[in-house]
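Once you have looked at the hints, place chain B on chain A.
Given next are the chains, with one letter for each unit.
Protein chains: 2
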Amino acid sequence: MKREVALGIDIGGTNTKFGFIDRNGEFLTSGSILTAQHADILDFLKELYMAIEKTFDEIRTDYVLVGIGIGAPNGNYYKGTIEYAPNLPWPGVIHFTDMLKEYYPHLPVYLTNDADAAAIGEMIYGGAKGMKDFIVITLGTGLGSGIVSNGHLIYGHDGFAGELGHVIVSPNGRQCGCGRQGCLETYVSATGVKRTAYKMMSKYNYPSDLRNIPFNEMTAQLVWESAVKGDMIAINTFKYTGKMLGEALANVVAITSPEAIFLMGGLSKAGDILFDPTKDHMEINMMKVFSNKVKLLPSKLVKNAAIYGASALVWDEMKERSW
Amino acid sequence: MKREVALGIDIGGTNTKFGFIDRNGEFLTSGSILTAQHADILDFLKELYMAIEKTFDEIRTDYVLVGIGIGAPNGNYYKGTIEYAPNLPWPGVIHFTDMLKEYYPHLPVYLTNDADAAAIGEMIYGGAKGMKDFIVITLGTGLGSGIVSNGHLIYGHDGFAGELGHVIVSPNGRQCGCGRQGCLETYVSATGVKRTAYKMMSKYNYPSDLRNIPFNEMTAQLVWESAVKGDMIAINTFKYTGKMLGEALANVVAITSPEAIFLMGGLSKAGDILFDPTKDHMEINMMKVFSNKVKLLPSKLVKNAAIYGASALVWDEMKERSW
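Residue numbers (the numbering used here), protein chains in the order written: chain A, 2 to 324; chain B, 2 to 324.
One chain only, chain A, in its complex shape (with noise of 0.2 Å):
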């Protein structure tokens, strides 16, 4: 008897990669195709379709495919739209599930967020496994979240829901890609820690390589470079970033209290320099009741995490429709 495979689909603005994944989190083979070329959707999901199809072939004597879970920017999960994403060739609202739908019309297709279904990733693949209450924030260029309750993402009454990267935690602060000012992606977040660095060059007097970086060809990795190697401009960007973070999660906590907390994307791959000075000022902010309580974790999900995510949305379903 064939065995059951989902497939996951990570749409980027440059790539879109995809695999297909078994109900234990085996990483079978996957492919993928490049996004940005294509201007007309319709091109786009018919090499889509067919690098898919060409893929599948490897392993399609011994699997069935069960379902397709999409992550992508600015997803909507009850729409299954793709809306006004900035970073993606295609203007407007995109109606990618009915779309590919026309492909696959006796398959489930399920579409999301990227953080969002990094969080599901994470339950269903990783170190949220038999959790019910926790938080996903995935760390790039900006911040994502996923937030779970009770075993459920958190959608909301429009799907928008768990922007923790846009809940302002400094009135009037820095400038935000959102239009708005003080937004906690503009302080964590890859783009955040290359800011603060600046912030903390005009503060403080220490010498530092990173003095001699223009601002334009500045990293958070070159940051973090530096900071192992005991900058304390790095040292004190971290700091910040923790900081803040820290205080952004004890509020919350106050709110969903989750089990964990788990840090995902490349600014999470600092480690320590960031999790000491975030776990400390989550638990100096945080409620009493909430003290010592709630878990900040590093991702399981290491490597291919989005489409293991994407792919995490079919489990997650068949989950839901066994009761």
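Rather than coming from a laboratory, the hints here were simulated on the basis of the structure. Fair warning: there could be bad hints in the mix.
Repeated chains share a single entry, so a pair holds when one copy, or any two copies, can fit it.
Claimed, not checked - Pairs of lysine-lysine, DSS-like flavour, derived with a Cα cap of 27 Å:
no. : residue 1 : residue 2
1   : Lys-204   : Lys-55
2   : Lys-18    : Lys-301
3   : Lys-133   : Lys-320
4   : Lys-296   : Lys-80
5   : Lys-200   : Lys-280
6   : Lys-270   : Lys-240
Relative to the frame of chain A, chain B by itself:
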């Protein structure tokens, strides 16, 4: 055939009130006993039981009791406990539902904190009927909140979620009873309004009758009465209160994306003088994607809201079981 009725019990520091309410929200009969005079919880339960039975006698021929819901300060839904409630006479952790079940071994008994019960009451009987994502904020001496996501109250990992009153909105801000500083309820509550009135007296030179009232005699009600008469100290007090609440709500919307936010409790009766600045500052500070989507409404549970809320627990749990 007898009709079904639920018993709602509202445990307060001074009085414990209870009422019998049917599924459609008809308030059939009620009673109350004094809480404060029972230092022994067993005495309290015995008197409560006798009062309940005596009151139920009035409708016993026509109704069958199907369950008991309890709203209590520091109530924990998962454990059925009341934990370290500062305004109740019983210290430590009280296993309240277990104790009440000694009297009602064949009935389901549910307990939660008062703000969570209020939210469920709004969903079963009030303005949130048919809504799956909404928030109820109770504005009394403090600020309580109950958050419903996808039709379920967010209890969190430990049953203590929904502490919106203890989100820190101003680091190093006003001292809070919880031992920290800058919690939302130090600004937005009857006590918060009183504190703000004195802040406004020190900031502005407007003449005001409020300047004749010592701090210990001031109430939010007096501030409201002055505001209605055009007193600029009082008007600015409510503007500031609404600003603090509106900013906080804008952030919460980014997290749970509710369809509506209901204000309940004494202070919410201030009406437009509170709702207008709250709505304005919520909209100004919200992400564009949520603009003009989230309704800010007064609760429809005006009278006996706490008893309605407690009894609603029973109908909500029956709803869960029916599929």
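Of the numbered hints stated previously, which ones are contradicted by the structure, given in increasing order? 1
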